[in-house]
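J.: Okay, here's what each chain looks like letter by letter:
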Amino acid sequence: MINAADTAWILTATALVLLMTLPALALFYGGLVQAKNILSVLVQCAAVAAICSVLWFAVGYSLSYSGDGDWLGDGAAIFLNGMGRDTVRAGTHIPESVFVMFQMTFAVITPALIIGAYVERIRFAAVLLISALWMLIVYAPVAHWVWGGGWLAKMGVMDFAGGIVVHVTAGVSALVIAWMIQPRHEFPHGIRPPHAPWMVMVGASLLWVGWFGFNAGSALSSGADAGMAMLATHLSAASATLVWMAIEWIKFGKPSLVGAVTGTIAGLATITPAAGIAGPLGAVLLGAAASCICYLGVWLVKRVMGVDDALDVLGVHGVGGALGTLALPLVALIGSGTGHLNHVPLQQFTVQAIGVVSVALFSAIATYLITRLADMLVGLRVDLEHETLGLDFATHGESGYHMNR
Amino acid sequence: MINAADTAWILTATALVLLMTLPALALFYGGLVQAKNILSVLVQCAAVAAICSVLWFAVGYSLSYSGDGDWLGDGAAIFLNGMGRDTVRAGTHIPESVFVMFQMTFAVITPALIIGAYVERIRFAAVLLISALWMLIVYAPVAHWVWGGGWLAKMGVMDFAGGIVVHVTAGVSALVIAWMIQPRHEFPHGIRPPHAPWMVMVGASLLWVGWFGFNAGSALSSGADAGMAMLATHLSAASATLVWMAIEWIKFGKPSLVGAVTGTIAGLATITPAAGIAGPLGAVLLGAAASCICYLGVWLVKRVMGVDDALDVLGVHGVGGALGTLALPLVALIGSGTGHLNHVPLQQFTVQAIGVVSVALFSAIATYLITRLADMLVGLRVDLEHETLGLDFATHGESGYHMNR
Amino acid sequence: MINAADTAWILTATALVLLMTLPALALFYGGLVQAKNILSVLVQCAAVAAICSVLWFAVGYSLSYSGDGDWLGDGAAIFLNGMGRDTVRAGTHIPESVFVMFQMTFAVITPALIIGAYVERIRFAAVLLISALWMLIVYAPVAHWVWGGGWLAKMGVMDFAGGIVVHVTAGVSALVIAWMIQPRHEFPHGIRPPHAPWMVMVGASLLWVGWFGFNAGSALSSGADAGMAMLATHLSAASATLVWMAIEWIKFGKPSLVGAVTGTIAGLATITPAAGIAGPLGAVLLGAAASCICYLGVWLVKRVMGVDDALDVLGVHGVGGALGTLALPLVALIGSGTGHLNHVPLQQFTVQAIGVVSVALFSAIATYLITRLADMLVGLRVDLEHETLGLDFATHGESGYHMNR
Amino acid sequence: MKLVTAIIQPHRLDNVRQALTSMGIDGMTVTEVRGYGRQRGHTEIYRGAEYTISFMPKLKVEVALPDNRVDDVIAAITQAARTGKIGDGKIFTVDLEAALRVRTGETGEDAL
Amino acid sequence: MKLVTAIIQPHRLDNVRQALTSMGIDGMTVTEVRGYGRQRGHTEIYRGAEYTISFMPKLKVEVALPDNRVDDVIAAITQAARTGKIGDGKIFTVDLEAALRVRTGETGEDAL
Amino acid sequence: MKLVTAIIQPHRLDNVRQALTSMGIDGMTVTEVRGYGRQRGHTEIYRGAEYTISFMPKLKVEVALPDNRVDDVIAAITQAARTGKIGDGKIFTVDLEAALRVRTGETGEDAL
Ligand SMILES: Nc1ncnc2c1ncn2[C@@H]1O[C@H](COP(=O)(O)OP(=O)(O)O)[C@@H](O)[C@H]1O
Ligand SMILES: Nc1ncnc2c1ncn2[C@@H]1O[C@H](COP(=O)(O)OP(=O)(O)O)[C@@H](O)[C@H]1O
Ligand SMILES: Nc1ncnc2c1ncn2[C@@H]1O[C@H](COP(=O)(O)OP(=O)(O)O)[C@@H](O)[C@H]1O
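Protein chains in written order, with the numbering used here: chain A, 1 to 405; chain B, 1 to 405; chain C, 1 to 405; chain D, 1 to 112; chain E, 1 to 112; chain F, 1 to 112.
Where hints are given, some of them may not hold.
Here are the simulated lysine to aspartate or glutamate pairs, DMTMM-like style, with alpha carbons at most 25 angstroms apart [to be verified]:
1) Lys254(B) / Asp86(A)
2) Lys251(A) / Asp71(E)
3) Lys85(D) / Glu385(B)
4) Lys85(F) / Asp86(A)
5) Lys85(E) / Asp95(F)
6) Lys85(E) / Asp72(F)
7) Lys254(A) / Glu387(C)
Worth flagging that the hints you see were computed from the coordinates, not collected in a lab.
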């Protein structure tokens with residue numbers, strides 16, 4: 001039976017998660033690029049949101065959430081076939097339409113996160129093609145494995161709001177695409193600083209707010225679970241913000257805004273898989289760990305591996321999502337964490353690790369193939385002249401700022 | 001009896017619809033004008049919101065929603081007289097205070113939409129006068145006709161969230177004012193491009209999110225109706241975004257950001273009357289049609305009629321609202337649309353057409369008279385020197401950007 | 001017992017109040033400073049939010065809301081000790097986790113409001129130290145006195161959503177810090193105008209929307225109380241916006257955007273203590289009074305007292321909060337105000353006045369001591385060279401705008 | 001060759017450009033500048049406080065020319081830029097010793 | 001006449017303007033520029049990566065003058081703009097062949 | 001001394017700067033300008049309407065030099081700035097009568 005209160009909260013949560021892509025992520029990423037590429041990032045976010053929404057309706061949802069196969073959903077819900085207006089989503093008290101819509105916002109933001117890897121040099125057609133295929137070939141199956149009753153769910157993997165399904169998939173795939181598309185031509189020494197750090201902060205703030213919907217909405221009901229998830233989410237973000245700031249302060253003497261909000265996002269990504277499991281104390285500790293480990297992650301990818309994952313999708317999201325997933329068994333036991341695990345802690349850890357590693361591998365391989373295909377069909381990269389000129393004008397025929405009188 | 005869950009959702013929806021005017025529409029419009037007029041657009045949005053809110057409380061609500069006259073509400077609810085704290089709005093399970101407030105946000109955004117027609121050249125006093133009169137003389141009666149039990153409601157017109165009441169009234173009135181106030185002096189060839197396309201996109205994104213409250217809130221309850229309305233709204237927006245992008249890509253080789261988000265808004269305006277009636281498939285198709293028809297609409301008004309409806313209020317909102325209203329009988333029958341119409345489909349279509357045409361005519365005539373009056377009382381247009389200097393400084397004594405060191 | 005509908009609304013309200021600090025207040029304040037200090041304001045908002053969140057969890061909540069001592073909460077809830085996942089907050093039907101989180105957003109925004117006093121010249125370490133101590137030493141006790149069952153509550157002080165607890169404390173403390181840290185070196189004649197009035201308006205708009213959560217959420221339930229609080233909040237904001245605009249129009253011939261939205265905030269701050277008590281008519285009148293009195297307040301502080309409370313925290317928030325608190329007994333009796341007071345009107349007024357004055361005095365003294373301590377430990381002020389260079393680069397090593405090609 | 005530099009009101013740019021192109025001068029470089037002069041600045045009022053903006057926005061238009069076009073061009077710019085109000089700006093002329101077109105390496109008047 | 005061009009630190013503009021107006025020079029044109037010189041640029045660090053900003057913000061102040069005011073004015077600007085740190089800037093002088101006031105058509109020193 | 005002014009494509013700045021520093025020229029001043037020339041502008045299309053952007057973004061690089069470095073420097077800039085497309089820009093030279101370093105008061109070539 002439909003519970004109107006649960007529904008009210010999930011309707012709200014859905015709006016909040018849409019806000020995370022449009023405009024939060026768009027601003028977060030848009031502020032980090034050069035002024036000549038700001039619009040391209042925004043179009044990419046809007047276009048990925050649009051195309052993945054339509055595809056989710058057409059096939060994605062069915063592949064993820066219909067049937068209980070080990071590997072993939074069945075085709076019964078294609079075009080949301082058979083979903084009546086009053087159908088209730090099994091295992092919840094909300095209408096299936098609301099469940100479809102809530103999950104759609106996840107299927108939108110996950111490929112949108114990957115945009116951070118290839119900005120400032122990718123062809124727009126490749127963005128569309130890769131995102132569409134990726135949502136169907138990587139996201140939908142993994143969502144099925146973990147949340148749709150697939151093999152990882154059966155094995156007992158725990159992922160409350162998407163540490164594996166969202167952040168590991170996006171982070172690893174981002175790395176693969178960044179590596180395949182090659183660095184921006186000025187990388188690493190001629191890269192220009194973020195053109196609008198204020199915009200990065202506004203995006204991060206809206207992400208923080210939206211993440212309340214993402215994590216507390218993942219309870220799929222209104223009540224104590226959602227409440228604790230929101231509290232844990234917030235505390236992890238706050239603690240991670242402080243720690244990243246502290247690291248920069250100690251290291252460079254100047255705590256930066258971009259750093260602080262990068263910490264925020266790291267804290268949010270990291271708590272995601274554990275949001276419904278952690279108590280407040282666990283969340284504060286996990287947030288602190290998030291900033292330490294993700295700081296290392298960013299440095300590893302950019303400085304050591306030399307891959308131009310331009311806006312640090314792997315370093316922040318991938319590493320954070322994996323960390324939270326792996327730390328979950330520990331965090332569940334701290335303070336007023338739920339304490340409920342599917343297995344004894346050590347075994348749960350092993351299961352979590354299997355989840356992270358297998359999904360990472362799968363994402364890497366599938367993304368590699370998708371990206372190869374996109375390269376063959378439409379080409380990955382704009383030519384140097386367009387890259388120099390900026391994608392805003394070269395690809396979209398516009399300029400971000402016409403301030404001249 | 002008050003249902004707390006319904007109330008929770010409508011409280012939320014109200015916040016979302018306020019967000020649509022402040023700041024979403026302000027940003028959407030503000031980014032489209034020149035840098036020297038950005039602030040004037042923002043003040044206009046804030047001032048229209050403020051004045052129409054107070055007037056709605058004073059008389060507007062009573063004219064629209066009190067009594068069941070054919071033509072106009074009665075005066076019983078003037079100053080919300082007689083509304084106790086616990087009064088329940090008839091036909092719903094929410095407090096009347098919440099209903100008043102939710103509808104107020106509609107009475108605010110509708111005149112605010114019209115701002116797009118006359119930006120960059122209107123006198124501020126005229127904005128206030130026209131908006132105030134228009135809300136009372138055009139919006140309140142039409143809301144009564146369609147939603148308050150007036151003659152169109154009795155005839156069986158269907159308009160879920162405001163295709164006629166909001167978008168047709170605003171669109172047609174915008175055209176009339178734009179025509180009466182005359183084009184900006186550089187129109188059509190010397191017009192400068194949008195000064196901040198990024199801002200247009202942020203505004204459009206927040207409109208998208210806010211529209212969830214607009215359309216799914218119009219169910220006036222939490223549950224399956226709201227859920228399906230949100231899903232339909234989202235899918236129409238997504239599909240319209242893709243189609244507008246495709247049109248530009250094919251026509252000019254460059255899909256633009258401003259184009260993509262114009263498509264978004266077209267898709268949202270178009271689904272509005274049908275949001276509670278359409279199923280997902282109908283929404284996707286209607287969204288696609290929205291971009292095709294609104295693209296034509298914009299072109300017709302600006303290029304063929306030569307009217308400087310500066311930010312395309314008729315082309316996008318008016319045309320979209322009319323299209324959705326007329327297509328409603330068809331859309332109701334597609335996929336999991338409700339299938340419930342007040343009449344057999346063809347007759348419903350006729351009724352819908354009567355609604356659109358009569359409201360368009362009424363809006364045009366009434367707006368003409370209001371605008372004449374405003375012209376006589378305060379003058380419509382700033383002088384050329386102020387127009388050249390920009391309204392920000394000329395009218396408001398401010399500058400949008402003080403970036404100089 | 002947990003009521004899921006109440007919970008749904010308070011979860012939503014919490015997200016809205018977080019939005020008020022991040023990014024709404026950050027934008028509101030950020031647009032008012034010079035371009036070279038924009039980032040510093042944003043970091044300050046983020047850092048204050050982060051540090052006060054963690055401290056609220058650690059001790060603040062316990063000091064405010066645990067036990068019923070006259071002066072201070074007990075330590076029973078330190079680290080949210082003993083709060084189970086399903087604990088219900090006494091006197092409400094929401095989980096304690098949700099109550100903690102909702103109140104946390106208040107404990108975050110109150111010290112963040114104070115930022116407006118000392119921008120463009122403070123050391124970042126002093127911001128952190130002052131905010132942390134202030135939240136524990138000023139905010140937490142006052143919240144206990146008024147809302148946590150302390151001596152003012154026992155005396156019958158009425159403060160629905162924080163006229164005293166939030167706005168008087170923040171406003172008075174802002175004045176003290178502004179006076180102690182001394183004016184910016186160009187004050188008063190060389191001060192540069194707000195660098196981005198558009199940003200001020202966006203911030204104010206988001207504050208308006210977020211304030212729905214602040215005030216209507218303070219009902220701690222979904223239903224008629226929340227509904228009326230939202231309506232009153234909105235009408236006060238609208239009416240104050242119009243009146244401030246009118247004042248400027250009459251005085252200078254040019255109603256400004258910054259003025260209009262300053263009026264909005266004045267109206268919102270003023271209705272705050274009375275939001276759950278006022279009816280619509282009372283709210284409209286109170287909003288009008290708010291702009292008149294706060295306009296005077298701003299002028300008094302800056303022009304007469306000569307204190308560089310840079311962004312008018314006392315003039316707008318402090319004065320507004322006090323006005324609303326004092327006017328509450330009157331407003332309760334107008335129109336459909338609740339009419340319920342704890343005492344007969346005149347006596348209630350006396351009690352309200354005692355609340356305002358005692359809290360103002362306490363805030364002033366405690367803030368003075370905190371600020372002295374901060375001065376001794378880390379120093380209050382950056383040196384002139386850094387002030388001239390701008391805090392963005394001097395303190396945070398960043399630049400707000402890198403627009404150059 | 002001469003380099004003619006005109007400081008003009010921002011909104012006269014299109015006029016000036018058209019005047020120049022219509023007389024066959026197809027190149028110019030424009031810079032946003034802020035001018036201080038008899039025009040004085042203006043005052044903006046925020047929350048009751050006056051802020052003095054001493055410098056007014058202007059545009060600087062630079063045109064390199066063969067000597068024999070200088071007088072015509074100055075006359076044309078003057079006419080196109082004039083509104084008759086204080087603050088209309090100035091035109092300055094300096095001697096240009098050499099000019100070169102980067103693309104082709106042409107020098108002297110051929111480079112213009 | 002001469003055209004004196006000073007490249008200065010942005011925050012010295014008010015000083016320079018006051019120095020000039022106090023000696024009766026009432027006109028000048030200011031441009032935001034970026035300077036490269038011995039001062040070198042600075043480094044900004046985002047997410048651990050260093051970004052080198054080679055060019056520092058400067059202002060260019062241009063003043064057209066009668067020949068006999070040049071030395072005074074240069075001395076005054078020098079004093080008003082000096083902070084003593086590297087990067088204080090330069091003053092350049094070129095010969096101005098002609099000047100004209102757009103509003104009135106006055107030429108020569110009358111136009112200044 | 002001479003003042004060499006180059007109008008170049010924005011994205012060639014780093015090239016030009018490197019060319020100059022590698023030949024020992026350590027100072028320059030850069031301004032964002034908009035250029036009009038044979039390159040014509042471009043068109044942006046918003047909602048089906050064409051907007052003509054007549055002026056293209058360019059950078060102006062100014063370098064003050066001793067007379068004997070002028071030819072080298074012009075050659076170096078030309079090479080570093082050239083892409084071979086219309087719109088590559090111009091280099092102008094004017095005579096510099098005097099130069100002064102604000103910080104030290106040094107004048108003439110010592111000031112550069
Ligand atoms: N001596 C000067 N040197 C350089 N620029 C000047 C000088 N005097 C005026 N200007 C420029 O010319 C502009 C217009 O001058 P102003 O004195 O305001 O009006 P008018 O040109 O009508 O005499 C100023 O804003 C400034 O940019
Ligand atoms: N040769 C030059 N030509 C043009 N501008 C120069 C030259 N040398 C320096 N400048 C300008 O002067 C500014 C200050 O020069 P810099 O060498 O940093 O310090 P200083 O003036 O103290 O010697 C530079 O930022 C640049 O704008
Ligand atoms: N006569 C001129 N005076 C001043 N600047 C000029 C002149 N002609 C061209 N320019 C500048 O040089 C730039 C390039 O000129 P253009 O004619 O487009 O190409 P090219 O340099 O290849 O001949 C222009 O954008 C403009 O900034």
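J.: Would you mind marking each hint as holding or not holding in the structure?
T.: Hints versus structure:
The hinted pair formed by lysine 254(B) and aspartate 86(A) fails the criterion: a straight-line CA distance of about 42 angstroms is larger than 25 angstroms. Distance check on the hinted pair: lysine 251(A) and aspartate 71(E) sit about 49 angstroms apart at the alpha-carbon level, beyond 25 angstroms; violated. As the CA atoms of lysine 85(D) and glutamate 385(B) are separated by approximately 12 angstroms, the hinted pair is consistent with the 25 angstroms bound. Restraint check for lysine 85(F) and aspartate 86(A): not satisfied, since their Cα atoms lie roughly 64 angstroms apart, outside the 25 angstroms limit.
Note on lysine 85(E) and aspartate 95(F): the hinted pairing is violated, with a Cα-Cα distance of about 28 angstroms set against a maximum of 25 angstroms. At roughly 31 angstroms between alpha-carbon atoms, lysine 85(E) and aspartate 72(F) are farther apart than 25 angstroms, so this suggested pair is violated. Annotation: proposed proximity of lysine 254(A) to glutamate 387(C) holds, straight-line Cα distance about 15 angstroms (limit 25 angstroms).
Hints 1, 2, 4, 5 and 6 from the list above are not met by this structure, while the remaining hints are.
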